[in-house]
Structure formats: structure tokens, C-alpha cells
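Trainee: Chain by chain, the residues run as shown.
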Amino acid sequence: MIPPAFDYHAPNTVPEAIALLGRLGTEAKLLAGGHSLLPMMKLRFAQPAHLIDLNRIAELRGIREEGGEIVIGAMTVENELLNSKLLAAKAPLLPEAVRQIADPQVRNRGTIGGDLAHGDPANDHPALALALEATLIVQGPNGRRAIAAADFFQGVYATALGETEVLCEIRFASLSPRSGCAYEKLKRKTGDWATAAAAVVLHMQGGKVEAARIALTNLAPTALRAHAAEQAILGRGLDDVTLRAASAAAMAICDPAADLRGDRDYKMAMAGQMVRRALLRAAERCH
Amino acid sequence: MAKQLIALTVNGRAVEQAVEPRMLLIHFLRETLQLTGAHIGCETSHCGACTVDLDGQSVKSCTVLAVQCQGAQVLTVEGLAQGAQLHAVQEAFTQEHGLQCGFCTPGMLLRAYRLLQENPDPSEAEVRAGMSGNLCRCTGYQNIVKAVLAAAVKLKHAQSAAA
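From first to last, the protein sequence lines stand for chains A and B.
If you use the numbering used here, the first sequence corresponds to residues 1 to 287, in order.
If you use the numbering used here, the second sequence corresponds to residues 1 to 163, in order.
Worth double-checking, as some hints may not be accurate.
Sample of chain B residues lacking proximity to chain A, with all beta carbon distances greater than 12 Å (derived) [said to hold, decoys possible]:
hint	residue
1	Val15
2	Gln34
3	Ala84
4	Glu91
5	Gln95
6	Gln100
7	Gln159
These stretches of chain B come out as covered by chain A in the derived footprint (C-beta under 8 Å, 3 or more residues) [unchecked claim]:
hint	region
8	17 to 31
9	49 to 62
If you're looking for bench data, these hints aren't it; they were derived computationally from the structure.
All C-beta atoms, glycine included, are put in the ideal place defined by N, C-alpha and C.
Isolated chain B (complex conformation) (with noise of 0.2 Å):
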């Protein structure tokens, strides 16, 4: 059960450590890194709450093990903003009230980071389908539909205005 020494990228910045094999990715960033914004919800994959990207894909933090994070990149929603910057899911999320106790709020926020990268055009049906590994226990699922549809206008509006 000897530890191993990983090296990967979180949130831009280079970190090594070694880890016991059974830790968990989810734990990794919040207990080592200190990066609690990703949540411990459900720990068995269904509720999303621990949503990070891990190489361009959105994945459960809890149901991936830190060492297979060898050489990867990962963002949290620490990473989201760039410096007093909101990131447009960040800003949609708090113009369309897309939350209401915030404890899904990471996990969302990640998902629709990836999802409009994904689809950068996506229809309400499709916003529902992409968001539905993200449970929201206080059922808020309507303003999180609204600020995922406002933060697709706000990147596109960002790109043509960078074009």
C-alpha cells in the first residue's frame, strides 16, 4: 500500500505529491490542496456535486482515484474566474439566481463550463440532458437551466466582440 508520487496540473498551477492509491481524486483537492470548492455530495456518482474537468471532460471527482490524475490537468471551480474576473457560467449563475442553498452550485458550475464547450449552442432540451448528472436537492433546476442557456449567449457574445 506504498504511497505514489503524482505530478499534475490543478488550476494552472504545477503539484506534486505523494498519495495512498485509495485516495480519491475529490479528496486529493479537498483535503491536500486545501481546494474545497468541489463538494462531497452523495460519494456514490450520482449527484455531481464533486464535478471537476479532468482532460477536457467533465468527470466524479469522488469515483476517480487521485493517481490515475498522473500527468493530467485538472480545473476546479477555483479556477473558474481570472482574477476579479467572473467566468460567464459564474456570472449567468448569479444574474439568473441559479442557486439557491449553493451546495450543487461547484459541480453545476463545472458541468456548464464543459457543456458549452461541448455544445456551444445548446437548446433547453439539450442544457437538461448535458446537466443531468448534477442533482440539485433543493429542486432549483429552472434558474439553473436559465443561467446555462444566459452564459452560451454571454461566450458567444464574448467571442464575436474577440473576432
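Here chain A stands alone, though its shape is the one from the complex (with noise of 0.2 Å):
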């Protein structure tokens, strides 16, 4: 499979790939690892008349700490999220997730930006940047702007993202040591996307919850926060009873569609499963 004929741009900065942006319009996308869009291209699904890769932009890779805040460059691969030391310590949620994202040789080539930007609810970074309340820095011909991951994903690849701007920071707050994190994803197979999974963040002091955050992947046409299944466990021990209602209450906001992984009825199950495994390995993390 080719994919359609289309010119090629190779930008060394951002505002360079910006001023493409606004030169050559809705003809042009933007790619980063290209293992959403060159599929799709082979398949006929999108066909630019331009690419604008990103990969030749030092200045969008990278993982640093910028006053106890995690910066990580858009276009930063899935294997140096794995990698890195700093996550490890300060948010090891992301490297327990991307560990269960794609194979070796696609986390060489995927990024945490093109994974967002994309807005494929199937992705596995939408549910983690929620769970870490991430806000994303874009920049457009006016500047930059800050977008919370919240107010990010509008729907089936549809995001806040103008059509001239690019994806370029994900910051978050780094965890703290007391915290315990969890990413649990049922898939059928390596590279698979999920049939449910669950992004937890949590807090416990004296037995019970401090506070949680608890995010969705692929069960619905957008990543979820599942506020009311936090809130089903706040002040509260992590007992079969706050689980069941946590799982229930996760459940009851999930929308997913039937496809070859299952039908609703067995996603919604699976979620509910998903949130309290989650849950029940984030709890034995917290200090």
C-alpha cells in the first residue's frame, strides 16, 4: 500500500512549521510519528496535499522539570517516556502506561504529542493526561496558549487544537511520593488498543482517600475523568463496597461502541474491572 502523492515539508522550528500551517491550509497535516497517519493515508481515510513533519524540530523533544512542574516536549517518542528517570521518579504512571502502548519498534516512532493531538479516543495518553490534570502549550501565529487536557477533547478526532497551531508542551504538576498510580488495560494482543482501560492517581492518609482522580481510555467517542466514581471513594477506605460503587459509577458514564474487541455491555463490564484493579494497585503504592 503507497500512500496518496502529497508534497513534503521538513520545518527546523516551530514558527517555520506554523507559517506552513497558515500558507498551505486545511490541505496540510501535520506529522509527528506518523503511525496513526501514514496507516490512514495507505487506506485512503486522509489524503493531504502536504505533510509538515515534525521531526526535524529539536526544541519540541525532550523530558525536563521546570519548578515541580513535568515539561515534555510534544514530540517526545513513547520509548523515552519509558526511559526516563524522571518520570520513574516523578510520574510513573506515564511509563506503566506507555509500556502497554504498541511494540518496541513503534514506541521509536509514536509520540505523546501525536497521540493527543490526534484524538483518537483509542489512545492511551488522552486518559493519562486527565488523570494528571496535564495542561497542553500550543502555539499559533499569536503565540502560545494553554489548553487543560479537560477542555481538550472535543470528540472522534476532534480536539481544541486550531487548524494553525501546533501541539508543543504537556506540563503537569509532578506526583507526589505519598501518591500511588496505576494504568490497567485490557487488550487482546501486544499493539492492541484498549477493550478498557483505567488511569488512577491516588492519595491515601490513615486507610482512607485523600483524594483520586480516575480517567477512561476508549469508552466513549473521548477519553473520561470519572469524577463521580471519585467521588464514590473520597474520605473513604477501599473496600468491596466503595468499589463496587467506584466501578459502578465509572460504568455509568462510559458510551463505548461495539466493535471486534466486544459489545457495549462487555466494554462497560470491563471498565468497571479496569477502575478497581487500578484502584486497588494504586492503593498499595501510596505511602
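Given two chains presented individually in distinct reference frames, assemble the corresponding complex, making use of the accompanying hints.
Mentor: Given below as C-alpha cells:
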């Protein structure tokens, strides 16, 4: 399979990429890791006349700490997240989840920014960004603006990213060393998208939940923050009753599409299971 | 849709060629350079038959554009052996019978080659995880895993002999 013909542009800076987007308009697509876009082009689901390759923009890569915040360049590839000592110490949710994304070769190309900006509800980073309460920094012709992850995902392949904007950074507060986190993903095989997955960040105090963030992957047209499930466990211990309540509250907001991974009932049941498992594992990791 | 000139190194040889932007690396290797070792399997970045080494990393060459390889170093299965001397991973795949039909083998060899540089002393579980982006439709995984583990031992011996 060969993609349809296009013109290729490889800018070296973000302003150059933005200028190209402005000049080429809606005929242009940004190329990150290409592991969603190129297959879609081969299948003619996407036929952009221009590709603007972000891979040569050095300023979009890297992971750093800035005043208690973790800052990840949008073109940082999954394997860099997986191998980052900084993330292992300050945001272990990400390496744990990334290990469950795709396979080693794909993780050498696939980027965190591409995963987020593609707007595919099956991708894992949207729920992770919600659970980390991340802020996405985008840059356009008029400068930079910050979009909360909670406001970024608008529907299947629809995000708040403007047509002449480039996603530059993902920022979030380091997780407290006392917190526990977990990403539980049910998938049929290596490289598959989630049948259902849940991300949890948890704080426990004296055996009771002090704070909780729960987010869900591939269970609705966008990743979901499960606020009601969080409320169901706040101030309580994690026992069978509260775990059931959290799972039920998470299942209640799911609206999955039936596909080869299962029908709606199965996926919702698995959503409940993933929430339960992620809560238990995160609790084990709390100090 | 003008062609673009790219200059890169493939198996140690400098290559310069004008390519259409839409040409995939796998087609550039197979059709332009006649290096037909890397295979086309699924074409959707699942199977790993097209795995090559790009700037020291394993990639699926069906999902990389040739124009993106400007200035790159590419290694394919044709570049693994040194003259008549097979690389340790090739020897190990031969000795452990790490193939059945052989279609996935070039991708397996290139991934094993890079995996053993990333992790020279892998456990069996690490080999399985590290090779998880390569599918064998004959399901001959057991011997493939054995071969990768045997190659690790060979490489360690070669290194201590050289030291």
C-alpha cells in the first residue's frame, strides 16, 4: 500500500511549521510519529496534499522539570517516556502506561503529542493527561496558549487544537512521592488498543482516600474523567462496597462503540473491572 | 509532488537518490536499492517483517517515509554479516532453528540485533517483550526466543574474548 501523493515539508522550528500551516491551509497535515497518519493515508482515510514533518524540530523533544512541573515536548517518543528516570521518579503513571502502548519499534516513532493531537479515543495518552490534570501548550501565529486536558478532547478525531496551531508541550505537576498510581489496560494482544483501560492517581491518608483522579480510555467518543467514581471513594477506605460503587459510577458514564473487541455491555463491564484493579494497585503503591 | 533528493547511508554505503515524498522506506530499500531482505508483511506497522535499524533504533520501514531518512544510517539484514562471517544473531537463528518459513526472519534478526545492544543480558521475559513487535505466522516463537538468548551468550563470549 502506497500513500496518495503529497508535498513534503520538514521545518526546523515551530514558527516555520506554523507559517507553513498558515500558507497551506486545510490541505496540510502535521506529521509526528506517523503511525496513525501514514496507515490512514495508505487506506485513503486521509489524503492531505501536504505533510509538515515535525521530526526535525529539536525544541519539541525532551523531558524536563521546571519548578515542580514536568514538561514533556510534544515530539518526545514513547520509548523516551518509558526510559525516563525523571518520569520514573516523578510521574511513574506514564512509563507504566507507555509499556502497554504498541510495541518496541512503534514506540521508537510514536510521540506523546501525536497520540494526544490525533483525537483518537482509543489512544492511551488522553486519559493519562486527564488523570495527571495536564495542561497542553499550543502555539499559533499569535503566540502560545494553554489548554487544560479536560477541555482539549472534543470528540472522535476532534480536539481544541486550532488549524494553524502546533501542540508543543505537555505540562503537569509532579506526583507526590506519597501518591500511588496505576494504568490497567485490557487488550487482546500486543499492539492492540484498549478494550477498556483505567488510569488512577490516588492519595491515601490513614487508610482513607484523600484524593483520587480516575480517567478512562476507549469507552466513549473521548477519554473520560470519572468524577462521580472519584466522589464515591473520597474520605472512605477501599473495600468491596466502595470499589463496587466506584466501578458502577465509572460504568455509568461510558458510551463505548461495539467492535471486534466486544459489545457495549462487555466493554462497560471491563471498564468497571479496570477501575477496580487500578484503584487496588494504586492503593498498594501509596505511602 | 516534486521528487526530493535524499542522501543517506545504507549498510555502510553512501546512497543518493531522488524520491517521491510518498515513497516508503521499505519500498526504497526493496525497489530502488534492490535490497529485498526486509519483507513487506502487513503494511500497517503490526507484523514487524519490515523491521530495519534506523539511526540505531528498530523501526518498521513500512511506516517511515524515505524522505524522512535524509542523513540517516540504515542497516538491513544484508548488512549484518561481515563478508562470509555471519553475525552472532544469524548464527544463533541457524543453530536454534529460529525460523520455519523464514518470511519474518529478516525482521526478527534486525530486531534481535538491536535488542541485544539495548539489553546485552536479557531474561527470557525481556526477550519476549523486546521481540513483541515481530509476528511469526508459523508461530515458531519458542525457537526464536531460544535463538535470541543464544545470540546474547555468543555476543558476550565474543566481547570477553576481545577484551
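Trainee: Of the numbered hints stated earlier in the document, which are not met by this structure?
Mentor: none
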